[in-house]
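Colleague: Fit chain B to the known structure of chain Z by using the hints.
First to last, the protein sequences are chains Z and B. Number 194 marks the last residue of the first sequence (the working numbering); no jumps. Number 116 marks the last residue of the second sequence (the working numbering); no jumps.
Derived from the structure by calculation, the hints contain no laboratory data. Please read these numbers as outputs of a predicted model, since none were measured by experiment. Cβ atoms here follow ideal geometry from the backbone N, Cα and C, with glycine treated the same way. Not one of these hints is a red herring.
Taking lysine to aspartate or glutamate and the EDC-like style, the derived pairs with C-alpha atoms no more than 20 angstroms apart in a straight line are:
hint, chain 1, residue 1, chain 2, residue 2
1, Z, K121, B, E91
2, Z, K154, Z, E79
3, Z, K143, Z, E167
4, Z, K130, Z, D182
5, Z, K121, B, D93
6, B, K53, Z, D182
7, Z, K121, Z, E167
8, B, K112, B, D90
9, B, K112, B, E89
10, B, K53, B, E91
11, Z, K121, Z, D140
12, B, K53, Z, E79
Output of the computed footprint for chain B on chain Z, the stretches with three or more beta carbons under 8 angstroms from beta carbons of chain B:
hint, region
13, 124-134
14, 176-182
15, 185-192
One letter stands for each residue in the lines below.
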Amino acid sequence: EVQLVESGGGLVQPGGSLRLSCVASGFTFSSYWMYWVRQAPGKGLVYVSDIKSDGSSTRYADSVKGRFTISRDNAKNTLYLQMNSLRAEDTAVYYCARGPPSLDYWGQGTLVTVSS
Amino acid sequence: QSALTQPASVSGSPGQSITISCTGTSSDVGGYNYVSWYQQHPGNAPKLMIYGVSNRPSGVSNRFSGSKSGNTASLTISGLQAEDEADYYCSSYTSSATWVFGGGTKLTVL
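Just chain B, with the same shape it has in the complex:
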């Protein structure tokens, strides 16, 4: 199972919005509404930010939103804040009944 494709890095200024893409195939992202997004700060465990394509767990800021079109899912962060600077990973269920992650995107808040 090949990793989902994410941009290696994105950046934005405080207050701006950014979008991170996650491209897979019809056997994973495009075939199921089981796309999740995780935030990971250096030295810490990943934290769930979005599940089921567009749902936010309790406690996650509404500045984080998710969507999907075809084989590509997206994470949008609006009103960028310094604490948003982290690595972000997407994940999807696959037709092999396993899970696949994206390669990760490093978000820099300028």
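Chain Z with its partners taken away, still in its complex shape:
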């Protein structure tokens, strides 16, 4: 059974940093691109970032470029999202998901709250 389990969310002050993790199981993690998608409270889904199966290529939404870094450790079946210079508008549930060309499995998400 494919499982994606996110962790690392919490309350952080504006300008602070946080690292999210997503542990994968039930499939060959190293064969898949992986994604981060976020959802602000009461709002829609927004693409954040993705990373190629071997980690050699990464892409970001303009809203997080230069502040967020996606990475992966295929030996640990783990996806990461390092978030720096956090802003109030980054407050959201962050989901990791497997793809592409569609996101066929999603984790349950981890809530990041940016507030003083």
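Modeller: Frame of chain Z; chain B shown alone:
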């Protein structure tokens, strides 16, 4: 990258059919056959319902179907059931080599 345009809400009675539209541009929906649809119940993670414009993953009811014409994709749900009440999001690959979602549509089963 601007979000794809979806109606904020649609509704239908049990047994009826409804269609949700998803309008983009030639740089996303119109340019690629990588349109997906996701269903999200409150408090839950999204679930893939349609991929590649019109393909259903294993386990998804054949009451769900997808199509595309030009820059607009559509999700049709036939034989509406109470459990179909949820938020629905479309998504497309873009010419920027990233992905874009629609703003979401709240489906109410009357």
